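In terms of the working numbering, the sequence shown opens at residue 122 and continues consecutively.
Certain hints may be false.
What the hints assert, rightly or not - Derived CB-CB ranges, DEER-like:
#	residue 1	residue 2	range
1	Asp320	Phe175	38 to 48 Å
2	Asp202	His158	38 to 48 Å
3	Asn299	Asn182	37 to 47 Å
4	Pro135	Arg337	23 to 33 Å
5	Pro265	His158	28 to 38 Å
6	Asp220	Gln137	25 to 35 Å
7	Lys335	His227	21 to 31 Å
8	Leu315	Ala264	15 to 25 Å
9	Phe175	Arg337	50 to 60 Å
10	Ala264	Gly151	32 to 42 Å
11	Ser167	Ser129	21 to 31 Å
12	Leu226	Pro265	19 to 29 Å
13	His227	Asp202	41 to 51 Å
14	Phe175	Asn299	14 to 24 Å
To be verified - Result set (DSBU-like, lysine-lysine): computed pairs, CA atoms no more than 35 Å apart in a straight line:
#	residue 1	residue 2
15	Lys234	Lys224
16	Lys234	Lys194
17	Lys335	Lys298
18	Lys224	Lys298
19	Lys300	Lys335
20	Lys193	Lys224
21	Lys234	Lys193
22	Lys193	Lys335
23	Lys194	Lys335
24	Lys234	Lys298
Just so you know, these hints were derived from the structure itself, not from any lab. Computed from a predicted model, the values in this text were never measured in an experiment. Every residue, glycine too, gets a C-beta built ideally from N, C-alpha and C.
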Amino acid sequence: MSYHAWFSCINGCPGQYSPLEVIYRCPTCGDLLEVQHDLTALRSRSAAAWMQLFDDRYRRNVYPYGSGVWGKKEWVAPAIDNENIVSMYEGSSNLFWADRYGKQLHVEDLWVKQCGNSHTGSFKDLGMTVLVSVVKQMMADGAPIDAVACASSGDTSAALAAYGAFAGIPAVVLLPKNKVSIAQLVQPLANGALVLALDTDFDGCMAVVQEITKDRRI
């Protein structure tokens, strides 16, 4: 069975856009895009069969399916070839039983997901593995991409730099000057990213990123 995903406008504007296409907003109304999946194809496998498949892959050493993200590849980014997936075994982080906290909140059997023991200490790793994998797939398909870039207040820059380094793709990080912790600054530097501290806030950094990424090589 072939699985398929695409971008579409959250407001229902006509048009479908490939996840391998560089597009940030709906070209009709300018609003956000969201990922849609071919649900008919996904329904070709029963819920029980999907659960069994995910369980069989969970934390196994068959790359990339041991990842907590890519173990569900068909539901995430089915168009990415396995050899272009950039994974550091992210996801599948610990669940902690928060019994006392649950009693304070009057929530029975409360569990807390701990994403802080991921590679960069942030849940951003879960999305970054997909983003950098998409970029690597685009490069394999012939897109002339030289680097990836982001604006960040800390966590995103750490994740982009780490996954970019693992993939061998240069990363450019724009941070608001004196507004990022030392721990968040050290990570992109340690992973070889070009780190620029701008005398502005996050929105100002994002405006610069949007300008430089008009050059499709970034």
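Hint by hint, where does the structure go against what was stated? Just the numbers, ascending.
2, 6, 7, 9, 10, 12, 14, 18
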